[in-house]
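Produce the complete structure using the sequences and hints provided.
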Amino acid sequence: MGSLGRLTALFLGAFGAATALTGYASYSASRHTIETLVDRRLDEVSRALLDESLRGNAGAILARISALSTQRETGDLGFELVDARGKRLGGNVTVSGPVPRGFSTLADSVLPGTATFRMQRRDAGGGLQLVTLVETEPVEGFAAVWLRSYALGFGLIVVIVVAGAVSFSTIVRRRIGELRRTAEAIIDGDLTQRVPVEPGSGAFAGQAATFNRMLDRIAALVESLRHVGGDVAHDLRTPLARLRSRLALIVAETPTPELEATLEQCDELLAMFSAILRISEVEGGERRTAFQPVMLAAVASDVTETLAATAADSGHVLTIGPLEGGVIEGDRQLLTQAALNLVGNALTHSPPGSRVTVSVTRAGTGAGTGAQLLLSVADDGPGIPAEERATALRRFGRLDASRHNPGHGLGLPLVEAVARMHGGTLSLDDARPGLRATFAVPVAG
1 MGSLGRLTAL FLGAFGAATA LTGYASYSAS RHTIETLVDR RLDEVSRALL
51 DESLRGNAGA ILARISALST QRETGDLGFE LVDARGKRLG GNVTVSGPVP
101 RGFSTLADSV LPGTATFRMQ RRDAGGGLQL VTLVETEPVE GFAAVWLRSY
151 ALGFGLIVVI VVAGAVSFST IVRRRIGELR RTAEAIIDGD LTQRVPVEPG
201 SGAFAGQAAT FNRMLDRIAA LVESLRHVGG DVAHDLRTPL ARLRSRLALI
251 VAETPTPELE ATLEQCDELL AMFSAILRIS EVEGGERRTA FQPVMLAAVA
301 SDVTETLAAT AADSGHVLTI GPLEGGVIEG DRQLLTQAAL NLVGNALTHS
351 PPGSRVTVSV TRAGTGAGTG AQLLLSVADD GPGIPAEERA TALRRFGRLD
401 ASRHNPGHGL GLPLVEAVAR MHGGTLSLDD ARPGLRATFA VPVAG
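If you count the sequence shown from 1, position 421 lands on 421 in the working numbering, and the numbers rise without skipping.
Hints listed in this document are in silico derivations from the structure and should not be mistaken for laboratory results. Model, not experiment: these values are computed from the prediction.
Each pair of labels, with its calculated beta carbon distance range: (1) Ala-261 to Glu-184: 43 to 49 Å; (2) Thr-306 to Ala-219: 35 to 41 Å; (3) Glu-387 to Gly-164: 48 to 54 Å; (4) Ala-219 to Gly-353: 45 to 51 Å; (5) Glu-184 to Ala-209: 19 to 25 Å; (6) Ala-308 to Leu-243: 34 to 40 Å; (7) Gln-207 to Pro-351: 53 to 59 Å; (8) Ser-427 to Ile-157: 50 to 56 Å; (9) Gly-126 to Ala-17: 53 to 59 Å; (10) Leu-221 to Ala-163: 40 to 46 Å; (11) Ala-261 to Gln-207: 55 to 61 Å.
Glycine included, every Cβ here is placed at the ideal spot set by N, Cα and C.
The following block contains the structure:
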């Protein structure tokens, strides 16, 4: 359950607890009020029966009890007069057990054949005790009546609140999902995606519109930067190509070490500008529309076979590890370029005699979300310290240990751009010893 679900559950739990507590407090207060009214009636009746002229006079008290018993308004009342020793002297009821002083609630064990009732025992003068009682069956029935009323009233409130909370949670979750899907598309390089704006959605529509304006601004800035880098690389590549052609002619006529070194530097610059243009093309995402099913294991096998002779010439051992099957949606040409860059990087930055292993393994189960194919290129060379791996992935990021080797620091950034284009990642890890570069992309659903 996400944080929104937990908040909704917490709110509903708190509301339920508050509703139950309110119901308990309401029931307790109502019952206490009714009992107070019953006790007040008992007290008033017993006081009226025992006026000053009758106190201590058992006969007169019993006569008054007999007279009251015939009246309609006191028909639900019971009276019993006992002496100082607790012996019954008379009355219209017989209480079988002891009665405490003051007010009390007693069950039918005291008065067989009746329900629960309230009673009062008070001094009647001369050692006499008057017990006055009234059945509380209507009071007991109050619980059922109150429960029905409470269930109907508060039940409707609970239903409305729960429905409102669930609806609100659903709406917010849907809006967050739209934002997340748009953000994921932007991360994958599709800068054209926008959050849907539903007319009449109030604050949500305003938030979506603001978010879209922000994305418009970001897309414009990114496009501007992309054009700047691409235009610079494109505009400089043409004069460099001309310069390289002229140098090649001069070297062919009068070869000298200095001219040959200059020609090599021109080749490096042209390669660098080609890499910049390639990265800009990949990050543009236009080639995503031409994605097709690709067997990553087949790509790894072809690249290993292609570079086998190069590895042998440089004194390296290029081997193939496990190649697990699996299909991804992608651009085979770009995936091949990424694999070539990873293997070439391992051959360039590991000493002769090093072993380079290319493998494809599967992570996760099933297809779609969670399942990935991992193209790994591991060597047993010196590797890259953990604190310098971020530099190796940065454009033009050259480590001090590799500055004497040919290159321009754009190989791994190009691989990372291809990985992002395919919804994947590029990571550098310790191969113990050496370096392991892992190109992870999701399996086609």
